[in-house]
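Q: Sequence:
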Amino acid sequence: MTDTSNKNIEKKAHRVAICAASLYLANLLLLPIIASILLLALYRHNRVLRSHLANEHMEHAIVFSFTANACLLSLPLLQLFSPADLILLLSISITWLTLFAGFSILGIHALAQAINGNLPWKANAILPPVRASYSAYP
Numbered sequence: 005m006t007d008t009s010n011k012n013i014e015k016k017a018h019r020v021a022i023c024a025a026s027l028y029l030a031n032l033l034l035l036p037i038i039a040s041i042l043l044l045a046l047y048r049h050n051r052v053l054r055s056h057l058a059n060e061h062m063e064h065a066i067v068f069s070f071t072a073n074a075c076l077l078s079l080p081l082l083q084l085f086s087p088a089d090l091i092l093l094l095s096i097s098i099t100w101l102t103l104f105a106g107f108s109i110l111g112i113h114a115l116a117q118a119i120n121g122n123l124p125w126k127a128n129a130i131l132p133p134v135r136a137s138y139s140a141y142p
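Numbered per our numbering, the sequence shown spans residues 5 to 142.
The hints are simulated quantities; they were obtained by calculation from the structure and are not laboratory data.
Misleading hints may appear alongside valid ones.
[Claimed, not checked] Label-pair ranges, simulated between beta-carbon atoms: (1) Asp-89 with Lys-15: 29 to 35 angstroms; (2) Ile-119 with Leu-92: 38 to 44 angstroms; (3) Ala-105 with Leu-82: 34 to 40 angstroms; (4) Ile-13 with Leu-76: 16 to 22 angstroms; (5) Pro-80 with Asn-10: 18 to 24 angstroms; (6) Leu-81 with Asn-10: 45 to 51 angstroms; (7) Arg-19 with Leu-76: 58 to 64 angstroms; (8) Leu-90 with Arg-19: 45 to 51 angstroms; (9) Glu-14 with Ile-37: 27 to 33 angstroms; (10) Ile-109 with Lys-15: 16 to 22 angstroms; (11) Leu-81 with Gly-106: 31 to 37 angstroms; (12) Val-52 with Leu-76: 27 to 33 angstroms; (13) His-49 with Leu-84: 34 to 40 angstroms.
Yeah, the Cβ is synthetic: ideal placement off N, Cα and C, and Gly gets one too.
Put together the whole structure using the sequences plus the hints.
A: The following block contains the structure:
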């Protein structure tokens with residue numbers, strides 16, 4: 005009976021990880037603020053799920069989602085209020101496109117990892133863990 009409940013928890017954790025990565029991509033590509041709110045609701049609803057996989061995917065998706073929102077929404081505001089210098093406007097536009105592509109690649113990678121049932125970043129090679137309780141040090 006315990007084996008069946010563990011498999012159910014693993015399946016739910018797998019689905020939650022895929023949902024978190026999908027909502028992160030939806031935040032970038034479709035519904036910027038609404039997907040972030042849905043991601044927070046997913047985290048609030050599933051935070052008691054005792055799965056390292058689901059928690060890591062949800063927490064990384066939330067951190068990247070709000071970081072992407074801050075970066076990608078502040079650059080157009082900077083462009084709006086900057087003087088009408090063509091070089092400055094082009095450099096801000098190129099920076100925005102580069103950031104957007106980078107955040108999209110991170111989201112695609114996280115979704116692929118979630119589908120495969122892996123952590124968002126293997127051995128946290130790219131970023132350290134979001135919470136200190138997941139670190140390798142006691």
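Q: Indicate whether the distance between the beta carbons of Ile-13 and Leu-76 respects the range 16 to 22 angstroms.
A: With Cβ atoms ~35 angstroms apart, the hint is violated.
Q: Mind checking the hinted window 34 to 40 angstroms against the Cβ distance between His-49 and Leu-84?
A: holds (37 angstroms)
Q: Taking the Cβ atom of Ala-105 and the Cβ atom of Leu-82, is their distance within the range 34 to 40 angstroms?
A: Given range 34 to 40 angstroms: violated, Cβ gap about 19 angstroms.
Q: Evaluate the given range 31 to 37 angstroms for the C-beta pair formed by Leu-81 and Gly-106.
A: At 20 angstroms between Cβs, range violated.
Q: Regarding Ile-109 and Lys-15, is the given constraint of 16 to 22 angstroms on their beta-carbon distance met?
A: violated (28 angstroms)
Q: Honestly, do Leu-81 and Asn-10 meet the 45 to 51 angstroms range at C-beta?
A: Holds, since Leu-81 and Asn-10 (Cβ atoms, about 48 angstroms apart) stay within the stated range.
Q: So does Glu-14 sit 27 to 33 angstroms from Ile-37, Cβ to Cβ?
A: Holds, since Glu-14 and Ile-37 (Cβ atoms, about 32 angstroms apart) stay within the stated range.
Q: Can the suggested window of 58 to 64 angstroms be confirmed for the beta-carbon pair Arg-19 and Leu-76?
A: violated (28 angstroms)
Q: Quick check: does the Cβ-Cβ distance between Pro-80 and Asn-10 fall within 18 to 24 angstroms?
A: The hinted range 18 to 24 angstroms is violated for Pro-80 and Asn-10, with Cβ atoms some 47 angstroms apart.
Q: Does the hinted range 38 to 44 angstroms hold for Ile-119 and Leu-92 at CB?
A: holds (41 angstroms)
Q: Given the range 45 to 51 angstroms, decide if the beta-carbon distance of Leu-90 to Arg-19 lies inside it.
A: Once the Cβ atoms are compared, 48 angstroms apart, the range 45 to 51 angstroms for Arg-19 and Leu-90 holds.
Q: So the hint says 27 to 33 angstroms: do the beta-carbon atoms of Val-52 and Leu-76 match that?
A: Because 32 angstroms falls inside the window, the suggested range holds.
Of the numbered hints listed earlier, those contradicted by the structure are 1, 3, 4, 5, 7, 10, 11.
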